[in-house]
Structure formats: structure tokens, C-alpha cells
Amino acid sequence: MVFVARAKIIDADDISRILKRVAHEILEKNRGSSDLALVGIRTRGVFLARRIAGIIGEIEGAKPDVGALDVSLYRDDVASRKASPVGVTEIDFDINDRVVVLVDDVLYTGRTTRAAMDALIDFGRPRKIQLAVLVDRGHRELPIRADYVGKNIPTSGRERVKVSLEETDGVDMVEIGEERS
Amino acid sequence: MNPPEILKSGVSGPAKVQSPEANRPRHLLSIAELSSDDIIRLLDSARSFAEVSKRPVKKVPALRGKTIVNMFIEPSTRTRMSFELAAKRLSADVVSFTPSGSSLSKGESLKDTAKTIVAMGVDAVVIRHSSAGAPKLLTEWVDCSVINAGDGMHEHPTQALLDLFTMRERLGRLEGLKVAIVGDIDHSRVARSNILALNKVGARVLLVAPRSLLPDRVEEMGVEVTGSIDEALRWCDVLYLLRIQLERVSESRFPSLREYTLQYGLTQTRWSRLKRKPLVMHPGPMNRGVEIASVVADEVEPVITGQVAAGVAVRMAVLYELLGGST
Numbered sequence: 001m002v003f004v005a006r007a008k009i010i011d012a013d014d015i016s017r018i019l020k021r022v023a024h025e026i027l028e029k030n031r032g033s034s035d036l037a038l039v040g041i042r043t044r045g046v047f048l049a050r051r052i053a054g055i056i057g058e059i060e061g062a063k064p065d066v067g068a069l070d071v072s073l074y075r076d077d078v079a080s081r082k083a084s085p086v087g088v089t090e091i092d093f094d095i096n097d098r099v100v101v102l103v104d105d106v107l108y109t110g111r112t113t114r115a116a117m118d119a120l121i122d123f124g125r126p127r128k129i130q131l132a133v134l135v136d137r138g139h140r141e142l143p144i145r146a147d148y149v150g151k152n153i154p155t156s157g158r159e160r161v162k163v164s165l166e167e168t169d170g171v172d173m174v175e176i177g178e179e180r181s
Numbered sequence: 182m183n184p185p186e187i188l189k190s191g192v193s194g195p196a197k198v199q200s201p202e203a204n205r206p207r208h209l210l211s212i213a214e215l216s217s218d219d220i221i222r223l224l225d226s227a228r229s230f231a232e233v234s235k236r237p238v239k240k241v242p243a244l245r246g247k248t249i250v251n252m253f254i255e256p257s258t259r260t261r262m263s264f265e266l267a268a269k270r271l272s273a274d275v276v277s278f279t280p281s282g283s284s285l286s287k288g289e290s291l292k293d294t295a296k297t298i299v300a301m302g303v304d305a306v307v308i309r310h311s312s313a314g315a316p317k318l319l320t321e322w323v324d325c326s327v328i329n330a331g332d333g334m335h336e337h338p339t340q341a342l343l344d345l346f347t348m349r350e351r352l353g354r355l356e357g358l359k360v361a362i363v364g365d366i367d368h369s370r371v372a373r374s375n376i377l378a379l380n381k382v383g384a385r386v387l388l389v390a391p392r393s394l395l396p397d398r399v400e401e402m403g404v405e406v407t408g409s410i411d412e413a414l415r416w417c418d419v420l421y422l423l424r425i426q427l428e429r430v431s432e433s434r435f436p437s438l439r440e441y442t443l444q445y446g447l448t449q450t451r452w453s454r455l456k457r458k459p460l461v462m463h464p465g466p467m468n469r470g471v472e473i474a475s476v477v478a479d480e481v482e483p484v485i486t487g488q489v490a491a492g493v494a495v496r497m498a499v500l501y502e503l504l505g506g507s508t
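Residue numbers (the numbering used here), protein chains in the order written: chain A, 1 to 181; chain B, 182 to 508.
Do not rely on the hints blindly, as some may be mistaken.
[Said to hold, decoys possible] Taking CB as the label site, the calculated pair distances span:
#1 A:E159 x B:K235: 37 to 43 Å
#2 A:D77 x B:D411: 55 to 61 Å
#3 A:E166 x B:S409: 51 to 57 Å
#4 B:R207 x A:D169: 29 to 35 Å
[What the hints assert, rightly or not] Below, simulated DSBU-like cross-link-like pairs (lysine-lysine); rule was C-alpha separation at most 30 Å, straight line:
#5 A:K162 x A:K63
#6 A:K63 x B:K235
#7 B:K269 x B:K239
#8 A:K8 x A:K20
#9 A:K29 x A:K151
#10 A:K128 x B:K239
#11 A:K128 x B:K235
#12 A:K128 x B:K240
#13 B:K269 x B:K240
#14 B:K317 x B:K296
#15 A:K63 x A:K20
#16 A:K151 x A:K8
These are computed hints drawn from the structure, not numbers from a lab. For glycine and all other residues, C-beta sits at the position ideal for the given N, C-alpha and C.
Work the whole structure out from these sequences, hints included.
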């Protein structure tokens with residue numbers, strides 16, 4: 001399957017503005033950054049989480065803890081997917097009684113978020129879990145919503161949203177298109 | 182009376198429920214059948230699984246609902262426990278089969294046991310057997326994944342994987358690594374699997390043993406050979422000591438224990454003389470005072486217990502790769 005882009009919806013400047021706004025929203029909602037920790041969902045969520053933490057650090061003077069979560073082992077569709085390499089989960093701080101903001105690039109069915117919450121709870125009992133996403137493309141299959149949304153992009157089920165980030169893809173942008181074989 | 186349709190599919194095991202072509206069970210029978218990419222992928226994935234064993238909740242739901250049978254026809258404590266922990270940390274259910282001392286011939290009893298297992302609908306069998314090739318034979322009888330946990334003098338693939346994992350984590354690389362393996366190479370499935378695996382990933386292997394404990398045509402294995410452990414110690418990055426099976430000492434090919442220790446043992450004198458100390462590894466359990474001096478064993482123990490911890494991670498990676506996704 002090959003991704004064929006139809007349109008670029010978000011460019012590098014947009015991403016940088018979105019992350020600044022989300023950082024401010026996180027601080028506003030939680031009244032500052034004490035107790036705050038960000039956990040990115042592998043792969044791209046981790047880089048988004050690091051960037052947001054960096055912005056929060058600039059605003060507040062202290063950078064919140066950042067962790068990385070691989071949810072492969074918690075998915076409900078393990079049996080129907082090809083086994084892919086499992087990434088390393090790194091949460092080397094105590095999450096008990098903290099406000100943990102899960103960060104992901106795209107919110108779609110909500111199944112990844114569900115898996116991430118299960119995984120997170122194995123590390124302790126956060127006071128709150130919140131969700132920040134760069135793109136919400138709809139089509140939820142579970143009762144899950146994001147607390148912080150970069151951009152709502154209405155899509156059809158056939159369409160694909162592709163997020164590219166400097167750290168993994170060399171460029172910051174979000175495209176919409178289709179998978180073709 | 183014919184059983185109802187639903188029961189039939191139930192007893193045939195999960196692999197048969199879907200199309201047999203698309204979802205044929207996969208096995209781990211030997212290192213020989215793996216590519217270097219397969220090995221590296223398993224080692225990468227083992228690193229992620231090692232993290233799971235360090236969590237407060239040492240369990241992930243990846244293999245929930247899967248059933249794994251430990252069939253250790255030859256006695257083993259650490260490998261069996263290691264597989265059991267690996268399976269449990271992935272949320273699989275584990276059943277242990279213990280041989281009851283049947284008087285049937287080995288092949289016959291294995292086949293009977295295998296058929297019983299098929300009838301119970303399990304997803305994987307982990308087998309250790311004193312006959313080389315028993316796991317391969319098993320794949321012809323059962324419709325589930327088979328994992329070789331050591332078969333006779335043939336192979337012990339997960340041991341080699343955990344050894345390579347340890348070398349890679351401790352020394353940062355495998356390619357070009359100089360590994361000396363000391364001991365009864367000919368009778369050792371651990372040595373055989375390690376030699377194959379190290380060759381595949383581009384490490385260099387030097388065997389240290391008397392000629393009588395080397396396999397025939399050892400030169401064709403892609404290794405170098407020496408009779409001198411002192412030469413090996415000067416050369417190697419990793420010194421891998423095999424366990425001397427004491428029951429073999431009475432055989433004519435084996436020198437006396439005292440002679441073995443003098444010639445091939447990692448004695449205190451040899452160890453203290455070394456300026457650059459290699460990584461010392463041992464598959465366990467160690468014979469202190471035979472292949473390794475007790476004081477040296479104390480010093481290198483962290484690496485050897487590290488190998489044991491790596492064993493769980495590597496076996497989790499293997500189980501997840503075989504059972505964790507569709508092919």
C-alpha cells in the first residue's frame with residue numbers, strides 16, 4: 001500500500017502555532033505545570049510531547065517530565081495485525097497522583113488511546129489522564145474524546161491522514177490522501 | 182454421534198479456524214533457519230520486553246487468551262521457568278507437561294502426547310527433548326507453534342539469542358565481536374546455536390577445546406580453533422565458558438577434571454594476569470572450581486545473572502513474534 005497525498009492541510013508554521021496554543025491550554029486547564037507529566041504515544045506522539053514540554057518549559061521556567069509509551073502489547077487487535085517490532089516504553093518517573101497528558105498525532109477510532117490508558121495504569125495511578133492530539137479526524141469506535149485538539153479534520157473512512165514530523169520525516173506537515181495498492 | 186459443528190472447530194485448535202494457508206503456525210526450531218535480520222529483529226524487540234520486567238506491574242495483555250504448553254521431556258529448571266515467566270508476563274496461560282516415565286519408545290510417546298495436546302487446543306508447545314530433531318518431528322504432528330527449548334546435541338536457539346542479547350547490550354555491538362567458546366563443544370547444543378548465530382551476525386568465533394571434544398569437520402563451521410585458553414584470553418572480547426557435564430568425564434574422550442581445569446579452566450591466576458578483561462559468560466549452572474574458579478565466578482556473576490534476566494526478555498520476544506500477530 002502506498003499513501004497518495006491529495007492536499008496538505010497543515011504546514012510547519014501551523015504545527016508550531018498549534019503546539020504553542022496546546023501548551024498554553026494545558027497550563028490554563030491545569031493551572032500551571034506542577035504535577036504535570038507528558039507521555040507521548042510512539043512514534044510521533046513522543047516527539048510532539050517533547051516539543052510541547054519544551055514550550056511549557058519556556059513559559060513556566062520548568063520543563064515537565066516526558067515519557068514514551070508503546071501500546072502494541074495492549075492493543076485489542078493483536079491477533080488481526082501483523083506483528084510489528086515493539087518499541088521501548090520509557091516512563092522513568094513516578095506517575096502516581098500526577099496529571100498525565102497523553103500525546104498522540106492522530107485521534108481516529110480511539111483504540112490506541114484506550115490501549116495507552118491501560119498501559120499507563122500499569123505504571124501507577126495518575127490523578128488525571130488527559131489527551132492531546134495534533135489531528136482529530138473523527139470516526140470514534142469508543143467513548144473517548146481529546147482534551148486538547150490541534151485541528152479537527154473531517155474525513156471519510158477511506159481517507160488517510162499522514163502526519164510528518166521533522167524528527168522522523170525531515171519535515172513538519174499534515175496531509176490528507178488515500179492508500180493505494 | 183457426531184459432535185456439533187462448533188465443538189469440532191473448538192477441538193481442532195485456533196489455527197484451523199481461519200484459512201490454514203494464511204494462518205499456518207510458525208515455529209522456532211533452530212538458529213540455522215533464521216536470517217541475520219530475524220535475529221536482530223528479535224534482539225531489538227527483546228529490549229522492549231526487558232523493560233516490561235522492570236515495571237511495577239510486570240505483565241502486558243499481548244497474549245491474553247493464548248495457551249502455551251511447556252513440554253520438558255528432559256529435565257530443566259531455569260529454561261522451563263524462564264519460558265513460563267515469559268509466557269505469564271505476556272498474559273498467556275501456561276500448562277506444564279511432566280513426563281511420567283512411560284516405557285513407550287520416545288518417538289511413540291512423543292506422538293501420543295502431541296495428539297493429546299492438539300485435542301486440548303493449545304497455541305504453542307515449548308519442547309525440550311534429549312533427542313535431536315524432536316521439535317521438528319513435533320511440527321509434523323501438531324497444528325500449533327513449536328518452540329525448541331533444547332533438543333539433544335542439536336540446538337538451543339533461545340539460549341543463543343539471550344547470549345547475543347547480553348553481548349550486544351553489554352558491548353554495544355555484535356559485528357566484528359571476538360567470541361571465544363571454551364569447553365565440550367561437540368556435545369553442546371548451546372555452543373552449536375551460538376556459533377551459528379554469531380556467524381550470521383558477523384561476529385568472529387574461536388573455539389577452545391581439546392581435539393577430542395571438538396566436532397568432526399569443525400573447520401567447516403566458520404570458526405577458528407585453538408588448544409590454548411591463554412591465547413583465547415589475549416584475543417577475545419567475550420569468553421564464553423560452557424558447563425562441563427560431569428557425567429561425560431568418565432568417557433574416554435574427556436581429560437580428568439583436574440587436567441581440564443589446569444588446561445582450559447578460567448583459573449584465578451589466569452584471570453588476575455589479564456590487563457584487559459573480556460566479558461565472561463556462562464549458560465549456567467556453573468561448576469565452580471572446574472571451568473571457572475570460584476572467586477572469578479563471584480566477580481563475573483552480575484553478567485551471568487544478567488543472562489538469566491535476558492532469557493525472559495528474549496523468550497517474550499519469541500513468543501510474541503510467533504503468537505502475537507497474524508502472518
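Okay, the hints, checked on the actual structure:
{"no.": "1", "hint": "A:E159 x B:K235: 37 to 43 Å", "verdict": "40 Å, holds"}
{"no.": "2", "hint": "A:D77 x B:D411: 55 to 61 Å", "verdict": "57 Å, holds"}
{"no.": "3", "hint": "A:E166 x B:S409: 51 to 57 Å", "verdict": "55 Å, holds"}
{"no.": "4", "hint": "B:R207 x A:D169: 29 to 35 Å", "verdict": "32 Å, holds"}
{"no.": "5", "hint": "A:K162 x A:K63", "verdict": "29 Å, holds"}
{"no.": "6", "hint": "A:K63 x B:K235", "verdict": "26 Å, holds"}
{"no.": "7", "hint": "B:K269 x B:K239", "verdict": "9 Å, holds"}
{"no.": "8", "hint": "A:K8 x A:K20", "verdict": "20 Å, holds"}
{"no.": "9", "hint": "A:K29 x A:K151", "verdict": "18 Å, holds"}
{"no.": "10", "hint": "A:K128 x B:K239", "verdict": "23 Å, holds"}
{"no.": "11", "hint": "A:K128 x B:K235", "verdict": "24 Å, holds"}
{"no.": "12", "hint": "A:K128 x B:K240", "verdict": "23 Å, holds"}
{"no.": "13", "hint": "B:K269 x B:K240", "verdict": "7 Å, holds"}
{"no.": "14", "hint": "B:K317 x B:K296", "verdict": "15 Å, holds"}
{"no.": "15", "hint": "A:K63 x A:K20", "verdict": "14 Å, holds"}
{"no.": "16", "hint": "A:K151 x A:K8", "verdict": "13 Å, holds"}
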